[in-house]
Amino acid sequence: MARAAASVASGSFDGVLRWGAWALALFAFASAFTNLGAPLRGGLRWALTFAAILLAGRAMGSGRRMPFFVYGVMALVLNPWRPFAMSVEMWRLALAASAIWLVADHLPGRK
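One rule links them: number in this note's numbering = place in the sequence shown (from 1) + 298.
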């Protein structure tokens, strides 16, 4: 009985992460084609960095090395503490690439 409850709780947290990842991906992909203000772009980078750190930990915990590596690169490139100096076009490409990865990693049925 406790095992079934634990699997339901784990499944619901995975669902929350999936919806959050899809929402962030949609926002990041849309921001690649629009001109966001500095506060909104900074908030998106904070959110993507924290999501990448959280999802990297979950990927490593489940033994998925390639997603761990990709999330680590996302956290490194998008980090707001020591930002990289890139042109606007490169930031848009980085946001679009992170959005595509978030969607691809959270497709239904993918573990």
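Rather than coming from a laboratory, the hints here were simulated on the basis of the structure. Hints are supplied without guarantee of correctness; some may be wrong.
Unchecked claim - What follows is a list of derived Cβ distance ranges for each label pair:
| no. | residue 1 | residue 2 | range |
| --- | --- | --- | --- |
| 1 | V314 | M384 | 17 to 27 Å |
| 2 | G361 | T332 | 35 to 45 Å |
| 3 | G370 | L391 | 35 to 45 Å |
| 4 | G340 | W317 | 15 to 25 Å |
Values in this document were obtained by computation on a predicted structure and should not be read as measured data. Glycine included, every Cβ here is placed at the ideal spot set by N, Cα and C.
Right, here's what the structure says about each hint:
1. V314 - M384: 17 to 27 Å: violated, 32 Å
2. G361 - T332: 35 to 45 Å: Distance hint for G361, T332 holds at roughly 38 Å.
3. G370 - L391: 35 to 45 Å: 18 Å Cβ-Cβ, so the 35 to 45 Å window is violated.
4. G340 - W317: 15 to 25 Å: This hint holds: roughly 23 Å between Cβ atoms.
This entry does not satisfy hints 1, 3, going by the numbered hints stated previously.
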